[in-house]
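Peer 1: If you read the sequence shown in the UniProt record's numbering, its first letter stands for residue 1, the second for the next number, and so on.
No lab work stands behind these hints: they were computed from the structure.
In silico lysine-lysine, DSS-like type, Cα no more than 27 Å apart, as pairs:
hint: 1; residue 1: 447; residue 2: 288
hint: 2; residue 1: 520; residue 2: 372
hint: 3; residue 1: 350; residue 2: 372
hint: 4; residue 1: 306; residue 2: 350
hint: 5; residue 1: 156; residue 2: 491
hint: 6; residue 1: 372; residue 2: 451
hint: 7; residue 1: 288; residue 2: 299
hint: 8; residue 1: 173; residue 2: 149
hint: 9; residue 1: 372; residue 2: 522
hint: 10; residue 1: 394; residue 2: 223
hint: 11; residue 1: 372; residue 2: 394
hint: 12; residue 1: 385; residue 2: 299
hint: 13; residue 1: 350; residue 2: 315
For each label pair, taking beta carbons as the anchor points, the in silico distance ranges come out as:
hint: 14; residue 1: 245; residue 2: 183; range: 21 to 29 Å
hint: 15; residue 1: 435; residue 2: 509; range: 18 to 26 Å
hint: 16; residue 1: 443; residue 2: 233; range: 25 to 33 Å
hint: 17; residue 1: 201; residue 2: 122; range: 26 to 34 Å
hint: 18; residue 1: 315; residue 2: 422; range: 29 to 37 Å
hint: 19; residue 1: 157; residue 2: 320; range: 54 to 62 Å
hint: 20; residue 1: 182; residue 2: 257; range: 16 to 24 Å
hint: 21; residue 1: 307; residue 2: 164; range: 34 to 42 Å
hint: 22; residue 1: 502; residue 2: 224; range: 48 to 56 Å
hint: 23; residue 1: 233; residue 2: 394; range: 19 to 27 Å
hint: 24; residue 1: 163; residue 2: 234; range: 19 to 27 Å
hint: 25; residue 1: 317; residue 2: 234; range: 30 to 38 Å
hint: 26; residue 1: 201; residue 2: 125; range: 26 to 34 Å
hint: 27; residue 1: 315; residue 2: 401; range: 14 to 22 Å
All residues carry an ideal CB built from backbone N, CA and C; glycine is no exception.
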Amino acid sequence: MVHYHRSHQPRKTNTDEESQNTVMLDCSTSAYYKRTRPKLLSFLFLITFLSCCYVFAPLFLGPSFPLSLLYSPATENDVNRDGVDANDSPCSSVSTGTICCDRSGYRSDVCVMKGDIRTHSASSSVFLYNSRSNNNVSRNFEEELQHEKIKPYTRKWETSVMDTIDELSLVPKNLNLGGVGGCDVQHDVPAVFFSNGGYTGNVYHEFNDGIIPLYITSQHFKKKVVFVILEYHNWWIMKYGDVLSRLSDFPPIDFRGDNRTHCFPEAIVGLRIHDELTVDSALMRGNKSIADFRNLLDKAYWPRIKGLIRDEERKAQEKLREQVSSSESSEASQQQYIIRQQVQENPTKKPTLVILSRSGSRAITNENLLVKMAEEIGFLVQVLKPDRTTELAKVYRSLNASDVMIGVHGAAMTHFLFLRPGSVFIQVVPLGTTWAAETYYGEPARKLGLKYIGYQILPRESTLYEKYDKNDPILRDPTSINKKGWEYTKKIYLDSQNVMLDLRRFRKRLHRAYEYTLSKSKLSLQHQQM
Numbered sequence: 001m002v003h004y005h006r007s008h009q010p011r012k013t014n015t016d017e018e019s020q021n022t023v024m025l026d027c028s029t030s031a032y033y034k035r036t037r038p039k040l041l042s043f044l045f046l047i048t049f050l051s052c053c054y055v056f057a058p059l060f061l062g063p064s065f066p067l068s069l070l071y072s073p074a075t076e077n078d079v080n081r082d083g084v085d086a087n088d089s090p091c092s093s094v095s096t097g098t099i100c101c102d103r104s105g106y107r108s109d110v111c112v113m114k115g116d117i118r119t120h121s122a123s124s125s126v127f128l129y130n131s132r133s134n135n136n137v138s139r140n141f142e143e144e145l146q147h148e149k150i151k152p153y154t155r156k157w158e159t160s161v162m163d164t165i166d167e168l169s170l171v172p173k174n175l176n177l178g179g180v181g182g183c184d185v186q187h188d189v190p191a192v193f194f195s196n197g198g199y200t201g202n203v204y205h206e207f208n209d210g211i212i213p214l215y216i217t218s219q220h221f222k223k224k225v226v227f228v229i230l231e232y233h234n235w236w237i238m239k240y241g242d243v244l245s246r247l248s249d250f251p252p253i254d255f256r257g258d259n260r261t262h263c264f265p266e267a268i269v270g271l272r273i274h275d276e277l278t279v280d281s282a283l284m285r286g287n288k289s290i291a292d293f294r295n296l297l298d299k300a301y302w303p304r305i306k307g308l309i310r311d312e313e314r315k316a317q318e319k320l321r322e323q324v325s326s327s328e329s330s331e332a333s334q335q336q337y338i339i340r341q342q343v344q345e346n347p348t349k350k351p352t353l354v355i356l357s358r359s360g361s362r363a364i365t366n367e368n369l370l371v372k373m374a375e376e377i378g379f380l381v382q383v384l385k386p387d388r389t390t391e392l393a394k395v396y397r398s399l400n401a402s403d404v405m406i407g408v409h410g411a412a413m414t415h416f417l418f419l420r421p422g423s424v425f426i427q428v429v430p431l432g433t434t435w436a437a438e439t440y441y442g443e444p445a446r447k448l449g450l451k452y453i454g455y456q457i458l459p460r461e462s463t464l465y466e467k468y469d470k471n472d473p474i475l476r477d478p479t480s481i482n483k484k485g486w487e488y489t490k491k492i493y494l495d496s497q498n499v500m501l502d503l504r505r506f507r508k509r510l511h512r513a514y515e516y517t518l519s520k521s522k523l524s525l526q527h528q529q530m
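All chains, please: the whole structure from these sequences, using the hints.
Peer 2: The structure is reproduced here in structure tokens:
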């Protein structure tokens with residue numbers, strides 16, 4: 001399930017008024033001038049000295065000195081933004097041999113390392129070595145500098161889940177030449193470290209907290225990047241292997257399970273995240289958007305879909321041959337098969353509607369009648385029941401080919417990402433889920449270019465109507481119940497509620513979607529004929 005939250009932005013602190021007040025003094029008398037002249041000369045000398053230090057410091061400190069330690073470039077505007085473009089981030093330019101951590105984001109921390117980077121899974125550490133030669137010291141030694149700690153997961157504000165995430169230590173070290181062992185595996189491309197813990201296992205969180213942030217963080221490497229995963233799950237690799245192969249040319253590394261020392265020239269630890277199930281083009285190099293992410297999904301899943309189609313065609317041909325061999329009118333059978341193929345390829349075919357069906361809570365209890373009504377309106381209807389083991393390429397194939405998708409608010413609504421821009425997404429919104437339905441799915445769907453219709457059910461369409469008095473706040477004022485806390489929302493509205501649609505009321509929305517789809521198909525056909 002989606003874990004509801006409302007973002008709380010940091011408050012703007014008031015500067016000390018006294019520190020900003022200027023003292024107006026009368027400087028007209030010679031007595032004042034004489035009294036303040038030494039102070040003025042001292043002040044001018046101090047300004048001159050500091051200016052010289054600023055100009056000549058790089059000559060004495062060397063190119064690897066982290067000048068970022070002298071000041072903090074983060075502004076109030078940065079504090080309120082997550083996943084800023086690398087060009088605007090405090091860590092947009094990192095010198096070799098340094099670590100820069102941007103902790104201004106509400107949702108995640110991101111650290112960038114450059115230089116001789118080496119993994120050490122036994123101590124949950126990533127080391128950054130700076131080699132140097134010291135003629136005055138005969139023996140080899142390592143000098144550990146101030147290090148950083150980070151939990152590379154994108155729900156930074158949610159303490160309860162972050163407590164379960166493995167922490168990494170990022171440790172810079174100075175050492176004499178020859179003072180450290182070699183690399184077991186030398187990589188010549190950057191690494192991205194992230195965690196697959198937390199809510200992984202829920203499709204909404206897998207995309208929102210993982211896959212989309214991974215795209216945001218790594219796509220600019222153009223597949224020349226290695227993913228290093230904390231809390232590695234084989235089933236996750238199998239499930240999202242098609243997508244990972246479009247982001248990286250290299251197999252992912254199990255940080256805990258692989259005890260070898262992996263060496264990288266650069267690393268990003270943690271993932272950048274923008275908003276719910278979206279990519280903000282204003283924060284991306286090349287103005288990449290959620291539509292570009294969707295195009296990546298298309299490229300990822302189509303090779304597998306083509307394989308499924310070939311298997312189905314082969315089975316259909318085998319079945320046809322069996323029918324032809326057992327039939328006296330083989331020519332008639334072949335003609336019927338050709339006609340069926342022509343009907344399937346006809347661009348004026350009926351619009352396709354996919355219903356994402358639920359079992360358990362928030363199920364549509366009169367789903368069979370909904371299917372019948374949709375067919376009467378003119379839809380070809382397919383009912384899908386995806387679960388954790390359902391191959392995503394198969395779900396993508398169905399939704400990519402559909403014109404309309406219907407589903408009750410829940411994690412499965414994440415599959416709207418598989419719809420083609422311009423398709424219709426109808427989300428049935430149970431009692432007590434209005435804010436979440438709009439925030440997590442409605443607004444992101446519009447950003448993808450879908451025609452979104454939110455169907456807010458009435459109290460009488462909820463099975464809670466049978467359990468509570470019609471004047472109970474649970475029915476009349478769900479917002480007041482949600483304010484009591486997440487446990488109330490989950491127990492009452494998410495786990496104990498089903499939906500019985502008022503089909504006469506719902507028919508209006510469905511008919512509107514049908515008319516929209518037909519008009520869109522006609523326009524598309526006209527453009528093709530021009």
